[in-house]
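Protein chains: 2
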Amino acid sequence: MKTRLRTALPTLALDRDSGIPIYRQLYEAYRQAILAGQLRKDAQLSSTRELAIELRISRHSVMNAFDQLLAEGYIRGDPGSGTFVQAGFLGDTDLHDKGKSRCQELPGDVLSREAIRIAKAPHMPASSPPIPFRRGLPAVDKFPLALWSRIVASCCRKMRSGDLNYTEPQGSVAFRRTIAEYLRNLRAVKCEPEQVFVVSGSQQGLQLIAHTLLNEGDPVCMEDPGYPGARSAFLGVGANVLTVPIDDEGMEVNKATQLPRMPKLIYVTPSHQFPLGVTMSLGRRLSLLDWAEQSPAWVVEDDYDSEFRFVSRPLSSLQGLSPDRVIYVGTFSKAMFPSLRLGYVVLPKNLVRAFSDSRRSNDFCAPFLTQAAMNEFIVEGHFARHLRRMRVLYAERQSAMLIALRREFGNYLQISNTDTGMDLVVWLPASISDTKASHLASRAGILTMPMSFFYSTPSKRGGLFLGFGAISQNQIREGVKKLRRAIHPLLSHG
Amino acid sequence: MKTRLRTALPTLALDRDSGIPIYRQLYEAYRQAILAGQLRKDAQLSSTRELAIELRISRHSVMNAFDQLLAEGYIRGDPGSGTFVQAGFLGDTDLHDKGKSRCQELPGDVLSREAIRIAKAPHMPASSPPIPFRRGLPAVDKFPLALWSRIVASCCRKMRSGDLNYTEPQGSVAFRRTIAEYLRNLRAVKCEPEQVFVVSGSQQGLQLIAHTLLNEGDPVCMEDPGYPGARSAFLGVGANVLTVPIDDEGMEVNKATQLPRMPKLIYVTPSHQFPLGVTMSLGRRLSLLDWAEQSPAWVVEDDYDSEFRFVSRPLSSLQGLSPDRVIYVGTFSKAMFPSLRLGYVVLPKNLVRAFSDSRRSNDFCAPFLTQAAMNEFIVEGHFARHLRRMRVLYAERQSAMLIALRREFGNYLQISNTDTGMDLVVWLPASISDTKASHLASRAGILTMPMSFFYSTPSKRGGLFLGFGAISQNQIREGVKKLRRAIHPLLSHG
Numbered sequence: 001m002k003t004r005l006r007t008a009l010p011t012l013a014l015d016r017d018s019g020i021p022i023y024r025q026l027y028e029a030y031r032q033a034i035l036a037g038q039l040r041k042d043a044q045l046s047s048t049r050e051l052a053i054e055l056r057i058s059r060h061s062v063m064n065a066f067d068q069l070l071a072e073g074y075i076r077g078d079p080g081s082g083t084f085v086q087a088g089f090l091g092d093t094d095l096h097d098k099g100k101s102r103c104q105e106l107p108g109d110v111l112s113r114e115a116i117r118i119a120k121a122p123h124m125p126a127s128s129p130p131i132p133f134r135r136g137l138p139a140v141d142k143f144p145l146a147l148w149s150r151i152v153a154s155c156c157r158k159m160r161s162g163d164l165n166y167t168e169p170q171g172s173v174a175f176r177r178t179i180a181e182y183l184r185n186l187r188a189v190k191c192e193p194e195q196v197f198v199v200s201g202s203q204q205g206l207q208l209i210a211h212t213l214l215n216e217g218d219p220v221c222m223e224d225p226g227y228p229g230a231r232s233a234f235l236g237v238g239a240n241v242l243t244v245p246i247d248d249e250g251m252e253v254n255k256a257t258q259l260p261r262m263p264k265l266i267y268v269t270p271s272h273q274f275p276l277g278v279t280m281s282l283g284r285r286l287s288l289l290d291w292a293e294q295s296p297a298w299v300v301e302d303d304y305d306s307e308f309r310f311v312s313r314p315l316s317s318l319q320g321l322s323p324d325r326v327i328y329v330g331t332f333s334k335a336m337f338p339s340l341r342l343g344y345v346v347l348p349k350n351l352v353r354a355f356s357d358s359r360r361s362n363d364f365c366a367p368f369l370t371q372a373a374m375n376e377f378i379v380e381g382h383f384a385r386h387l388r389r390m391r392v393l394y395a396e397r398q399s400a401m402l403i404a405l406r407r408e409f410g411n412y413l414q415i416s417n418t419d420t421g422m423d424l425v426v427w428l429p430a431s432i433s434d435t436k437a438s439h440l441a442s443r444a445g446i447l448t449m450p451m452s453f454f455y456s457t458p459s460k461r462g463g464l465f466l467g468f469g470a471i472s473q474n475q476i477r478e479g480v481k482k483l484r485r486a487i488h489p490l491l492s493h494g
Numbered sequence: 495m496k497t498r499l500r501t502a503l504p505t506l507a508l509d510r511d512s513g514i515p516i517y518r519q520l521y522e523a524y525r526q527a528i529l530a531g532q533l534r535k536d537a538q539l540s541s542t543r544e545l546a547i548e549l550r551i552s553r554h555s556v557m558n559a560f561d562q563l564l565a566e567g568y569i570r571g572d573p574g575s576g577t578f579v580q581a582g583f584l585g586d587t588d589l590h591d592k593g594k595s596r597c598q599e600l601p602g603d604v605l606s607r608e609a610i611r612i613a614k615a616p617h618m619p620a621s622s623p624p625i626p627f628r629r630g631l632p633a634v635d636k637f638p639l640a641l642w643s644r645i646v647a648s649c650c651r652k653m654r655s656g657d658l659n660y661t662e663p664q665g666s667v668a669f670r671r672t673i674a675e676y677l678r679n680l681r682a683v684k685c686e687p688e689q690v691f692v693v694s695g696s697q698q699g700l701q702l703i704a705h706t707l708l709n710e711g712d713p714v715c716m717e718d719p720g721y722p723g724a725r726s727a728f729l730g731v732g733a734n735v736l737t738v739p740i741d742d743e744g745m746e747v748n749k750a751t752q753l754p755r756m757p758k759l760i761y762v763t764p765s766h767q768f769p770l771g772v773t774m775s776l777g778r779r780l781s782l783l784d785w786a787e788q789s790p791a792w793v794v795e796d797d798y799d800s801e802f803r804f805v806s807r808p809l810s811s812l813q814g815l816s817p818d819r820v821i822y823v824g825t826f827s828k829a830m831f832p833s834l835r836l837g838y839v840v841l842p843k844n845l846v847r848a849f850s851d852s853r854r855s856n857d858f859c860a861p862f863l864t865q866a867a868m869n870e871f872i873v874e875g876h877f878a879r880h881l882r883r884m885r886v887l888y889a890e891r892q893s894a895m896l897i898a899l900r901r902e903f904g905n906y907l908q909i910s911n912t913d914t915g916m917d918l919v920v921w922l923p924a925s926i927s928d929t930k931a932s933h934l935a936s937r938a939g940i941l942t943m944p945m946s947f948f949y950s951t952p953s954k955r956g957g958l959f960l961g962f963g964a965i966s967q968n969q970i971r972e973g974v975k976k977l978r979r980a981i982h983p984l985l986s987h988g
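Residue numbers (the numbering used here), protein chains in the order written: chain R, 1 to 494; chain S, 495 to 988.
Hints in this document: simulated from the structure, not taken from any laboratory. Note that the structure is predicted; figures quoted are calculated from it, not measured. Keep in mind that a hint or two might mislead.
[To be verified] Partial list, computed: chain S residues near chain R (C-beta under 7 Å):
| # | residue |
| --- | --- |
| 1 | ILE612 |
| 2 | VAL646 |
| 3 | ASN856 |
We put the CB at the ideal spot given by N, CA and C, even for glycine.
The task is simple: from the sequences and hints, build the whole structure.
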């Protein structure tokens, strides 16, 4: 027998208790050693028999490890002479270090212009638990989870193998039919199931709209103040966002018509203006549609929480007045809960094909089970019952909020009641900075959004946007007290 | 009454004892007939009344079936004149031409350049039931639905109100930790949970990558032939897609280095090249990474079905060799089922922030329940067991496929075994057009993809890409027989 230098591994500590198979540990050790240059090109390895004895492991484990190293080209077996480290890739180049030094900082051209625009666009703060007065969260504490679990379980049991396949990019037919019927009945949306697109929420809907209809530089008209999520979607594709102020009747369309450029798209929240809560009057709706026809521009109607208007039935949708001009966007994030990830877009018929292509290229379709369970929840009447209960609950929470605000602040602060029981605006005296107030509040554990955050132009008056849909009446009362204590220094000097 | 030729279905066997509603059977029969080209564009259907009498079923059932077909766009109703087969399904249009006709209804400036590019990009055909030999579908017939239902139900019951809120844009922490561990152990991916992004599937991952890293005109390098979903994502953002041929060791990197421009991104499928099934050799992997360092370019590793390699254990990931350079993309669509809508992207650490912004602006996050259930499925060991069972099943199906192909076609057709038991390529004699063969097959109800569809340049030799992961051995045998009968005229004249 030839006495040649056989290469075992310099350092090899096999851990029998790690839960990682021995062969895998051996494979990894060799692989690392080869990549790191500890084992050089053409070095001969110990035989599987020798190694098994040396390491006191089964020969089978060694062979398994070698098989894998062979399959991946780290070693080669020369019949009759042994096993050798494969040529041509040995560790003179440390790939890892190379990579690291190259990527440590991102040079200016690494990200797309879109990514840079998105990073710069206003973001809503990241998710957080429902502490006072985080906005945008529905009453997750009162969601009927047990009922929902039963429905999900039953829908899951009823799934057949065909339901495991991709659904249509637009969403399952049954669910789209239900959504269309729901929107026809409750929101006077004029639509057929073919026009409905199931999406993961209004944000995906807005993204789909922005990417399918807008080019860099296209003028888009938004309300001022307005919804940051929409602004981020439009800014992302490089649209030129023009803003129009809001008064008691909604967007001031006569001012809009004086914009320097005709917009290609107009984004509005007519049922319940975000964040002021104003309902757009019928007169304004008609002027808006008229203006949109002349431009011509698509109108995007974001109907994000119309289900919860107390005073009257919610106004019929803008879409119903002009179904070929208006793209209607809605979400189940407020009426159900955000982590459901379901919403919908209703399109003019001539846009369906293009959106279907976009949707498929984007992420194919929504999960089947979520669609099936939501469909069942609506069809069986649970959704309508849930909405009724939530309206009562939100009315109670709103009332608790108003009482607490009056008790703590008297008539010192003006309150804009947004008529939906999930949020409202507290206006500060003219001299007080709302970012400063919001900052003080956050130091006391109270989340608020300064109203100036929603304006594209410096706002005349500061305010705090307060969400209270997700917290109990007790939390509301405690929260308002804390808020007063936190911002009191500002107010008394104001 | 006009005497016009009405089209009932050539063969229609309704089974009243099957437990499947009659309307659903009728719907399926029409749908298949339209997809297979048995019912041609503009053919008139019998009236609902006539059909009800003819088939001895209730008119209500017929109307239900027609409603569904209408909703899905398979048929159209012309008021006063009847119901007709709608244009544009498999048998009628060449896949490549599809895009062109799509946007014609809209004036040129209505859609974004992105939407127009996406419409023109090659699309995989729309979803369809698992009929032979539709590709890209796993064995949905053998998925353990009962077990999955129990896990979903249990996870849903365990949900707390906090779980109803938005999760992190990257996905829930527990699930990301599990994915990171899984990828570290099984694919030698070097990653921490912070680098993992939960997405709705590889397509959303590719979209996120394209939009975050690429501008219009940026050069991107792909394999030729290559994956149409990736091509569509890159073409969508206006990238300039350059292609490099494939040989037995994967992408011919020496040819890639001669491209006119250095790419900003290189997309590869090293574990299992799509669609040829080749595994990229270690030598090529290292040259590729070397070239990527020089460019410098990001490397996107799409590891879409590495779980199912038979012969050896799957090769370790490319990402493990250069974690700061490689973006790793994976999906649960194949290992679980497509309508789950879950996948993941592993990013170099310095890209995490930008992707997090993009993800939030895109659709916030994945549904909580799906993440929780998939997490449980992996943690409890069900996933590993499921994968083991599926490997055996796919090996059996592959073997049945190979036997059937040899029996029907002898040695006349060359078969490229792709080593994963979900699909393979049958190469046609040089003179035969694969689009023609695919067209003939589709008229006989057999779905195939012509290999020329995957090439950016005219391919030297035609072939048919056949998926068989989702169908039984019987269906495989019947399907191959039908395929032979369908394309026999071509072969005998070839």
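These are the hints, each one checked on the structure:
1. ILE612: 5 Å, holds
2. VAL646: Holds. Min distance 5 Å.
3. ASN856: 5 Å, holds
The structure meets every hint from the earlier list without exception.
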